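Read left to right, the sequence shown gives residues 1 to 311 (the UniProt record's numbering).
No lab work stands behind these hints: they were computed from the structure.
Any given hint might turn out to be false.
To be verified - What follows is a set of in silico ranges between Cβ atoms, one per label pair, in the way DEER data are often shown:
hint: 1; residue 1: Ala-234; residue 2: His-125; range: 19 to 27 Å
hint: 2; residue 1: Ser-70; residue 2: Arg-137; range: 27 to 35 Å
hint: 3; residue 1: Thr-43; residue 2: Glu-133; range: 27 to 35 Å
hint: 4; residue 1: Glu-144; residue 2: Arg-241; range: 31 to 39 Å
hint: 5; residue 1: Arg-137; residue 2: Pro-88; range: 19 to 27 Å
Bear in mind the structure is a predicted one, so any value in this text is a computation, not a measurement.
Backbone N, C-alpha and C fix where the C-beta goes; we use that ideal spot for every residue, glycine too.
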Amino acid sequence: DEQDEQDEEENGACREEGGGDNELAGADDDDDPREGFHLRLFTLLLRYKSIRGHGFQAAVGPEVWAALQSMLGVGFECFASPLNAYLPRFCSGFPDVDGCFGSSGSFFAFQPLYGSFAVNPPFVHSIMDATAEHLLRLLKRSEEGAIGKTKGGSHALSFIVFLPGWTECAGYQALETSSAPFLRRIIHIDAADHGYCDGASHQRADPYRQSPYNTTCFVLQTTSAFHKWSASDAFESELRRAMALTVPLDSAAERQMRKTANGGRRGREGSDDSGDDTDQLVVAGKKKKRKRTKKKQARKKKKQTPSSSSG
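Assemble the whole structure, with the sequences as input and the hints as a guide.
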């Protein structure tokens, strides 16, 4: 009923068309639960390793999540992975391996009826364009009240969207213009004033990296959501403060610059250098092995060379 819906909204919950949560992949348990967990974890890590960072998505930091939860009631991530998700519920790119770790599946198949969501897609034009289209479709449907018992009314549906300041991108333009009835606030943040949590922070010495681009935050809400979770001046100030805390330390920034100078791939859009740390260890091991081999050959050659005697 209406009270149940209100309680779920206040807890940051969401409900999808068709009802019920998505069934998690790999629900069968082995005799030894640890064996099943290790197998699923290995499959997950192998899948993300195989893409070598192409498709990794950098996330906002914990302080930003705290602000989003407390001031906008955010309870769901529309783009994440089991390796970098902050909230227990999220959408991800590989439902077949991510499902048993909490993924609700692909964002583009996700049909929330109400709730408050964070949308932070990979910085790839095609993904951002499709994201904007899907968001506008969901907002229009909710505002028109074309769902079940709320016919004639609207659900409280709210999205805060993080995009690079690529004003030429069709997705950016759609949110800036076509979303006019739902656009409650735009916040522009300079690249120097914020960073992101690395999409592969599980294998990084430094969890944060400097943002290479300006970021624009769009707050999109239905009328009901606007009255429920207002994106006020206080929210903007808190968001700016929180994002500034994700700027990497000077020492971390220096290490990142050295890696870039040495040919490391940088950037947040699908060119995350995930896996490079592991690869560098392999390369270093090979170099050491070659060095030891050369030393052995030199010693062997020295022994085989007859020493010259004087006299």
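Checklist entry - Broken hints, numbered, in rising order? => result 1
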